[in-house]
Amino acid sequence: MNNPSREKIKNVLDHAKTIAVVGLSPNPSRTSYMVSEAMQRAGYRIIPVNPQTDAVLGEKSYASLSDIPEKVDIVNVFRRSEFLEDIADEFVKIDCPVFWTQLNVVDENVFNRLADAGYTVIMDRCIKVEHAILK
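When we follow the UniProt record's numbering, the leftmost residue of the sequence shown carries the number 1, and every step to the right adds one.
Each hint should be verified, as a subset may be incorrect.
Calculated cross-link-like contacts (lysine-lysine; reagent style DSSO-like; alpha-carbon spacing at most 27 Å) [to be verified]: (1) K93 / K8; (2) K17 / K135; (3) K10 / K93; (4) K10 / K135; (5) K71 / K10; (6) K8 / K135; (7) K71 / K93; (8) K71 / K135; (9) K128 / K71; (10) K71 / K60; (11) K10 / K128; (12) K60 / K128; (13) K60 / K93; (14) K8 / K128; (15) K93 / K128; (16) K128 / K17; (17) K71 / K17; (18) K17 / K93; (19) K17 / K60; (20) K8 / K71.
DEER-style ranges, computed between Cβ atoms [to be verified]: (21) V106 / R30: 18 to 28 Å; (22) K8 / D54: 33 to 43 Å; (23) T53 / N2: 33 to 43 Å; (24) R80 / S29: 13 to 23 Å; (25) I94 / D116: 15 to 25 Å; (26) S5 / Q52: 31 to 41 Å; (27) A117 / S29: 32 to 42 Å; (28) D54 / R6: 30 to 40 Å.
Source of the hints: derived by calculation from the structure; they are not laboratory data.
As the structure is a prediction and not an experimental result, all values here were calculated from the model.
Ideal placement from N, C-alpha and C gives every residue a C-beta, glycine not left out.
Please construct the entire structure, taking both the sequences and the accompanying hints into account.
Below, the structure is given as C-alpha cells:
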C-alpha cells in the first residue's frame, strides 16, 4: 500500500470542496467531530454520513453515501477497518474520486481494489493533519 505523494494529496485538498464523512459522530469530544469541525472551519463543506443522527455541525446527516443528493469530492472514513469493504462497495456506486481513511483505518485489499479501479486512495492519514502540513 503506497499512499499518493504529498504533492498529490495537496492537489486533492486544494481542489476539493465537499467532504462526506462516514462515521461522523455528533459528540464534540470524538475525533471525527473535531477533525470535521476543523475542516469545516477551513472552508470545506462537510456532509455527515451516520444513520444514528439527523444532523452534525449544522449539516443534514445521511444514512449512507448513496443517499447524498449531490456530488462529493472526498469520502473520509471514520469507521473501523473491518467496515471498509462494505463502505468501498458503496463508494464505487457514487461519483467521487477520492477515498480517504483516517489514522489506523487500513485494508490492503480495499486499497488495491480502489486504486486499481482508478480512484485516489489515501489510507491511515488524518485529513486535518495533512491539510495543516500542506496549506
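Structure versus earlier hints - violations, ascending order: Every hint satisfied by this model.
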